[in-house]
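Take the sequences, apply the hints, and build the full model.
Protein chains: 4
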Amino acid sequence: MRQIETVALEDARRVIAAGEQKAREIGSPSNVAVVDAGGNLVAHIRMDDAWMGSIDISINKAFTARAFDTSTADLAKNAQPGDQFYGISDSNHGRVMIFAGGVPLRGSNGNVVGGVGVSGGTGDQDQAVAEAAGAAF
Amino acid sequence: MRQIETVALEDARRVIAAGEQKAREIGSPSNVAVVDAGGNLVAHIRMDDAWMGSIDISINKAFTARAFDTSTADLAKNAQPGDQFYGISDSNHGRVMIFAGGVPLRGSNGNVVGGVGVSGGTGDQDQAVAEAAGAAF
Amino acid sequence: MRQIETVALEDARRVIAAGEQKAREIGSPSNVAVVDAGGNLVAHIRMDDAWMGSIDISINKAFTARAFDTSTADLAKNAQPGDQFYGISDSNHGRVMIFAGGVPLRGSNGNVVGGVGVSGGTGDQDQAVAEAAGAAF
Amino acid sequence: MRQIETVALEDARRVIAAGEQKAREIGSPSNVAVVDAGGNLVAHIRMDDAWMGSIDISINKAFTARAFDTSTADLAKNAQPGDQFYGISDSNHGRVMIFAGGVPLRGSNGNVVGGVGVSGGTGDQDQAVAEAAGAAF
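Chains as they are written, first to last, in this note's numbering: chain A, 245 to 381; chain B, 245 to 381; chain C, 245 to 381; chain D, 245 to 381.
Among the hints, a few may not be true.
Selected chain A positions facing chain D (Cβ under 8 Å, derived; list incomplete) [as the list claims (entries may be wrong)]: (1) M296; (2) G297; (3) M341.
No wet-lab data here; the hints were simulated from the structure.
The C-beta atom is built at its ideal place from N, Cα and C for all residues, glycine as well.
Right, here's the structure in full:
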């Protein structure tokens, strides 16, 4: 049997609060989602006026960051036409997002134990919000 | 053009907090989700130890309550074999939930402007949590 | 090669207008959809305040009426547990609706050449609107 | 609770009529669809001889324009290989269209309150029809 760490609801709320604050600071109304070690949703918020189409994207960015233990920005670099992971976004029933805004959450030993996904702005904005969110974990 | 009311994030948080408190009181770790007038997710939480399979169900119960302006418990009464809406759960790509735990949220004029969905316990428990949540709207 | 009749846009509009008028008369804000001989959508309307979850249902009722050349109310009688078509609603990727509100549209020789689907009220209301709509074809 | 504007059926009909007229002028039989503030279909028409495969595309272009508060032509510019939103069309269960023909509908304060989507011709034709349609809102 294995012991693993994962994300508690109170962790997710802290992560989301930090993301929300950053989103307000940079004026980018966002969806922020957190998944646990199993890649399953722990919590999600859509700030007022954030894009509706970004609900799904935020949840999927968080999933992707945990599913492959990587930021979606890094995955993007390997998922372009001709790259080693080109086509990965066709897997997992459309849940793999290959653009910036998803960041893994790391546990006490550095292992990935969850993910946070942000969607609502440009790639740079989403990434900034996701990093601020993840830093609060 | 029409003016309508919908659910703000702060409303969704108040609704979720009330549901969470009720869930603790009755010892039923729950997923609680809130959708807006368009049936789109505003916020979701999964309490620690709540069923993972209930993430989707809570979101879909909230959707269903708004999609048909009814509680899912009432819809259930009309969706059994031989009933007038039997088969409705095959529509909307699997998003229609026909058991208790989804409650519509009503605006200032009594119109439905959103929905809350709860999943994690028995039908009675989910319904109790959803009603407590909805009452905070 | 075969000659077939099908539904023109102007036919669909006439059918929808008749359904809309009936829906107003009986106070049942409805979705009304018309499909052609290929079962493909020609036109759809959602009246103000009609159920959002009924968009999909109206289109699927119209599809079903054409797909099996029958009213969905008649199909319902054969699609209950134990009946000869029980389970038919699992086919066609969730597009088969087995409750009242879908009516076939018949061409000059009595053949089915399209369908109209109505959703937004009780089974009886949807059926009444669909019949009024279909009669205008 | 928030007050928002959305698209009424009569608005959708006016938008569709303007699109239909433009489509006739340029000889491009089209599907024209309108969604409301929640991204949900209000009305759709398929002109005689318009592509059958464009039913879905027109509805999804309208959805996309509202889901991300942008024209699909503008989104397309950011969704090519190497761009910041490359892969966005894998989200939202295949509903995100990243080519021309979807235009947001703006309310009295400039906010996006719906969308119109057109499909049936070339990108330029679809865009011309969508713009003519949207201008009638």
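Okay, the hints, checked on the actual structure:
no., hint, verdict
1, M296, "5 Å, holds"
2, G297, "3 Å, holds"
3, M341, "6 Å, holds"
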